[in-house]
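The sequence shown lines up with residues 1 to 517 when you count with UniProt numbering.
For the record, the hints were derived by calculation from the structure and aren't laboratory data. Keep in mind the model is a prediction, meaning the values are calculated, not measured. We put the CB at the ideal spot given by N, CA and C, even for glycine. There may be inaccurate statements among the hints.
[Unchecked claim] What follows is a set of in silico ranges between Cβ atoms, one per label pair, in the way DEER data are often shown:
#1 Lys339 to Ile369: 21 to 27 Å
#2 Arg477 to Ala192: 31 to 37 Å
#3 Leu68 to Pro183: 35 to 41 Å
#4 Gly188 to Ile315: 27 to 33 Å
#5 Ala178 to Ala70: 23 to 29 Å
#6 Thr319 to Ala379: 18 to 24 Å
#7 Lys339 to Lys233: 33 to 39 Å
#8 Thr185 to Ala360: 23 to 29 Å
#9 Leu113 to Pro372: 43 to 49 Å
#10 Ala379 to Arg62: 47 to 53 Å
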Amino acid sequence: MFVKRKRDADGQHFEGRQFRPYNVLMVALMSLGSVGYGYNASIIATTLAQPSFNTYFELDTRPNGTQLIATMNGLYQAGGFLGVLTISWLADRWGRRFAIGVSAFICMISGALLAGSVHVGMFIAMRFLSGAGAFMIVAAVPIWMNEVVPPSVRGILVDCHSVGLLFGYALATWLGYAFYHLPETNNGAWRAPLAFQCLPVFLLLLGLRWMPESPRWLMLKDRFEEADQTLRKLHAPQEAAIELRQIQQSIQADKHLETSWWAMFTKRSYLKRSLLAIATTFSIQTSGILVINNYGPRLYSTLGFDTNRQFLYQIGWITLAFGTGILSFFVIDRFPRNKLLATGVAGCALSLLVEAVLVALYATTPSAIANPNQSGLQAAVASMYIYVCFYELCLGGVQFAYLGELFPTHIRAKGMVIGIANICVMNIMWLQAAPTAFDTIGWRFFLCFVIPGIISATLMWIFFPDTLGVPLEEIARIFGDHQELTEAEKDSGLPAAETNSNDLEKSLSHHVENTKA
């Protein structure tokens, strides 16, 4: 799986193992940021279920308690939307690693203040800050990952981000359930799990000093020697030499291209990429993943299960998601990106269609409630589990690899921001609508995911480009702007097929000599 790959269109890339173990280690350590986001985003679900939390902030006795809970969720997403908009500036100006560090610091501070909150207003304000840090880190980490891994295993290694998210989700659920059994008067039942979210990002901050900066960003800032050394440490000598040449040619051309936000939506090739990023995240979020994750216990309650069973089913669901996320390592780089995305969206839609039918038959009619059909109810639970398998095998990790692959280095941060910001917008829409929708239209709410899902899957299969295994510097050919790049290369004095850098030639010779030795 890791050793061989097909040659790219130009037959240029090394066919042996393109990465070093150091590359895998650095990606694994950077996944601490992914764990931090997953835990940060998921811990609120079990926090709201803690009796001591509701008693401390009087959420169960205040007349506006429900509105306060909605505000806690809404401001988290609003903070995420505003926070993620800063990532492109931080990552492009100060570096990918610096942007990740700022994000981790915000997550750590907000987590500590959430755990120490003494007033509901303070808690709500920190939820806004926590959302900003969380969505900043969920955007910044895959930007870095996409730029430090070689093309043959880009999907597999970037999938570490998704698996880290899932581990964070699972950890929050497990800890929340464990602390649920403390006495109702013990405020540690909600403070301790909230405080724990500081640990992964604190460890990430400690390790950032030894993690490499993106070689593509270094080249963008004319720090050629550092980029050369970083590539040698991360990739096999033969692959590092090839990538060094490609990156320099691409970066020199990119410097003559537009990088403004205005260009992202007015320049044809950039607009095509931006619309693809929006369409991808729209399709994936319309699968209903956040609603199913956040309102899972409520859905199990609709099926007639008690509180303890609701927790256990939710733990099983998120644990299965984590396990399936690991299995996705063996899938993500074996199938075309667009086909994998389409399969995932369609699979989720069909699973929810089955869920809607089962809920309608076995959990809503008076006769079904009076005489529960346990087989039908268990089938409804199984449908939820099948749903998450489709999501994690085909969507969870693929979306972050795909978003990073769509954009060239000079606008990759902006492109990732567009995709993640759209996730925030979709989350706000679905999370605000879900409670009312479940109360008023019940199982029919699932059809709001099923119908768009089938349409999106069809469009993805037919029209979305496949970026599997294509070097980041050659993605331009997919979007038809390689002619513009050729003109830019002429303007920069760099021929399309060769480089005029003496330093680069020396570096390539050095690599070849090392390989022969």
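For each hint, the structure was consulted:
1. Lys339 to Ile369: 21 to 27 Å: Cβ of Lys339 to Cβ of Ile369: about 42 Å, so the range 21 to 27 Å is violated.
2. Arg477 to Ala192: 31 to 37 Å: With Cβ atoms ~53 Å apart, the hint is violated.
3. Leu68 to Pro183: 35 to 41 Å: With a Cβ separation near 24 Å, Leu68 and Pro183 fall outside 35 to 41 Å, so the hint is violated.
4. Gly188 to Ile315: 27 to 33 Å: At 21 Å between Cβs, range violated.
5. Ala178 to Ala70: 23 to 29 Å: At roughly 27 Å between Cβ atoms, Ala70 and Ala178 fall inside 23 to 29 Å, so the hint holds.
6. Thr319 to Ala379: 18 to 24 Å: Hint holds: Cβ distance 20 Å, inside 18 to 24 Å.
7. Lys339 to Lys233: 33 to 39 Å: holds, 34 Å
8. Thr185 to Ala360: 23 to 29 Å: violated, 41 Å
9. Leu113 to Pro372: 43 to 49 Å: holds, 45 Å
10. Ala379 to Arg62: 47 to 53 Å: For Ala379 and Arg62 the Cβ distance comes to about 39 Å; the hint is violated.
Checked against the numbered hints listed earlier, the structure breaks hints 1, 2, 3, 4, 8, 10; every other hint is satisfied.
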